[in-house]
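Going down the list, the sequences are from chains A and B.
Taken in order, the first sequence gives residues 1 to 112; the numbers are from this note's numbering.
Taken in order, the second sequence gives residues 113 to 608; the numbers are from this note's numbering.
Among the hints, erroneous ones may be present.
In silico SDA-like links for lysine to any residue, alpha-carbon gap of 25 Å or less [stated by the list, open to error]: (1) 136/B / 93/A; (2) 96/A / 342/B; (3) 275/B / 29/A; (4) 345/B / 136/B; (5) 275/B / 85/A; (6) 275/B / 65/A.
These are calculated hints, taken from the structure and not from any lab test.
It should be emphasised that the depicted structure is a prediction, and the values quoted were computed from it without experimental measurement.
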Amino acid sequence: MEILIAILIGVLFSVATYLILTKSLFRVVLGTVLLSHGAHLLILTMGGLGGKSAPLLGEEAANYTDPLPQALILTAIVISFGMTALLLVMTYRTYKVHQTDDLDQLRGRSDE
Amino acid sequence: MSNFLTLPILLPMFIGTILIFLAKKHRIQRVIAGISSIALLIVAIYLAYAVYQSPDQIITLEVGDWSAPFGIVLVADMFATMMVILSSIVGAVCLFFAFKTIHSDREKFYFYPFYFYLLTGVNGAFLTGDIFNLFVFFEVMLISSYVLIVHGGTGYQLRESFKYVVMNMVASAFFLVALAYLYATTGTLNMAHLGERVAELGQEGILNGVAIIFLFVFGAKGALFPLYFWLPKSYYGPPAAISALFGGLLTKVGIYAIIRTFTLIFVHNPSFTHTIILYLAAGTMFFGVLGAVSQFDFKRILSFHIISQVGYMAMGLGVFSPLAIAGAIYYIAHHIIVKSALFLFAGATEKITGTTDLKKMGGLLKTHPWLGWLFFISAMSLAGIPPLSGFFSKFALILSAVQEQEYFIVAVALIVGVLTLFSMMKIFMYAFWREPTIKEEDINKKEMFGLLRPIIPLVVLTIGLGFLAEPIFTYSLGVADQILDPTNYIQAVLGK
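Work the whole structure out from these sequences, hints included.
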């Protein structure tokens with residue numbers, strides 16, 4: 001299971017890298033979204049997958065799943081959700097002001 | 113008593129939230145913001161005093177009474193409290209400068225709330241003792257900085273801020289990756305506990321890899337070579353008060369995080385990690401200053417100088433001796449104060465001349481002598497002319513590098529020092545010498561003193577840091593001893 005998820009994370013990271021390096025603003029945003037998904041999955045995998053028991057069952061429990069990675073991911077997902085919303089607004093505003101979403105044309109002039 | 117530790121974080125958060133409700137009434141906003149920024153400074157100074165007086169010179173707080181390795185701890189040692197004082201000073205000064213320069217339309221669109229949220233994030237990043245909590249406070253700081261850097265929404269700001277935001281989001285994703293690896297290797301996220309575990313683990317190869325990912329993350333946020341390319345253009349866009357706050361503080365939070373993690377956690381193999389930091393420092397210094405030399409714009413030159421000076425701080429960590437760390441800490445204090453002052457001077461000259469292009473201004477020394485000479489003092493301090501603060505910090509850094517026989521970095525640091533002086537003189541000659549471009553009757557003395565008043569405390573501080581070099585250096589050495597001996601920190605947090 002871990003191997004499979006590791007491959008999935010690798011795919012997510014490489015797709016994200018490709019998207020971030022493209023010229024369209026919106027694709028760059030999608031790239032950062034996928035990158036954060038990859039990072040979140042990585043945290044989950046690093047805590048160990050396939051736990052058959054609940055995170056916490058009291059002090060006497062025979063076995064339990066580590067709850068910390070899940071708590072970390074919840075925090076990280078909320079943060080990346082907010083960031084993505086902000087970035088989308090910025091992308092839209094940039095498009096409105098400059099009338100283009102091509103990063104090549106958003107390079108800036110030398111006289112500024 | 114130790115609940116007091118939360119105040120530098122809670123106070124700006126609380127004020128920021130109140131200010132949201134008063135968004136359309138900018139006079140009341142100004143009064144509340146001004147008073148609370150002073151209050152924050154007093155809190156920061158009191159906290160530093162309390163920490164200095166405490167027996168171990170360290171105060172910890174287990175938030176919500178969850179005991180140490182499991183819950184989040186806040187840790188105030190001498191380094192953290194010093195940084196909190198500096199952030200409050202710069203925060204207050206830039207705020208008062210913003211009163212004079214920010215357009216009232218911007219004030220109505222939540223400028224002050226985000227300003228205080230930014231300070232929340234910065235102070236939180238300094239005070240936390242948990243590495244995931246550090247990530248959270250970084251994000252609090254960054255999301256406020258994203259808003260402030262596009263605030264006003266001009267075409268230039270939108271275009272350049274997009275690059276800034278994407279760069280930081282990529283770095284944040286890698287922060288999570290690094291945290292995941294670190295948690296998988298050590299099973300803890302408490303920084304003191306990490307320091308302890310890393311020492312007993314003996315997994316050198318994996319830990320080196322994790323350390324390098326952390327270096328990448330903090331290097332991207334702190335503008336280390338070769339990840340500094342986003343900085344000069346994005347800091348050029350926003351109004352001077354915001355550029356000054358960012359230039360003074362934000363990259364230094366990255367540097368603080370590097371120094372904290374590479375003295376407390378990743379000290380398992382300094383000959384590998386700290387050598388890399390040393391070479392990155394050399395690249396940062398050198399290419400940053402070359403960028404500054406090639407520019408003809410007041411704010412751009414200053415932005416490139418941020419990069420080259422971040423290199424000096426990283427150099428202190430790379431050399432890794434008590435004197436070098438003390439020099440780096442002294443340098444951080446000096447840099448935060450002087451760099452903010454210089455950005456504010458750039459803002460003041462922009463307000464007076466209407467441009468930041470050096471070729472279009474001139475003769476300001478004749479028309480605005482106070483502005484000229486105060487700028488001259490700060491510029492000389494940045495270039496490292498005795499008896500100002502820049503000299504003593506650079507001297508300590510270079511002396512320590514000579515003692516450790518790192519002659520390569522000594523040579524780079526000296527060349528960069530000369531080039532810094534050169535580009536500062538370039539600003540002075542172009543903007544303040546030559547024939548005046550402003551007519552006599554256009555000079556508005558009252559406006560100029562209004563602009564200068566917030567900056568004067570910073571200039572006084574840089575002179576003070578220079579003339580009081582001995583006590584301040586003793587303090588820096590104390591800080592260096594404390595962070596180079598993590599057992600003290602670990603004991604204070606884990607209570608063994």
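Evaluated hints:
no., hint, in the structure
1, 136/B / 93/A, "holds, 23 Å"
2, 96/A / 342/B, "holds, 23 Å"
3, 275/B / 29/A, "holds, 11 Å"
4, 345/B / 136/B, "violated, 31 Å"
5, 275/B / 85/A, "holds, 16 Å"
6, 275/B / 65/A, "violated, 40 Å"
Hints 4, 6 from the list above are not met by this structure, while the remaining hints are.
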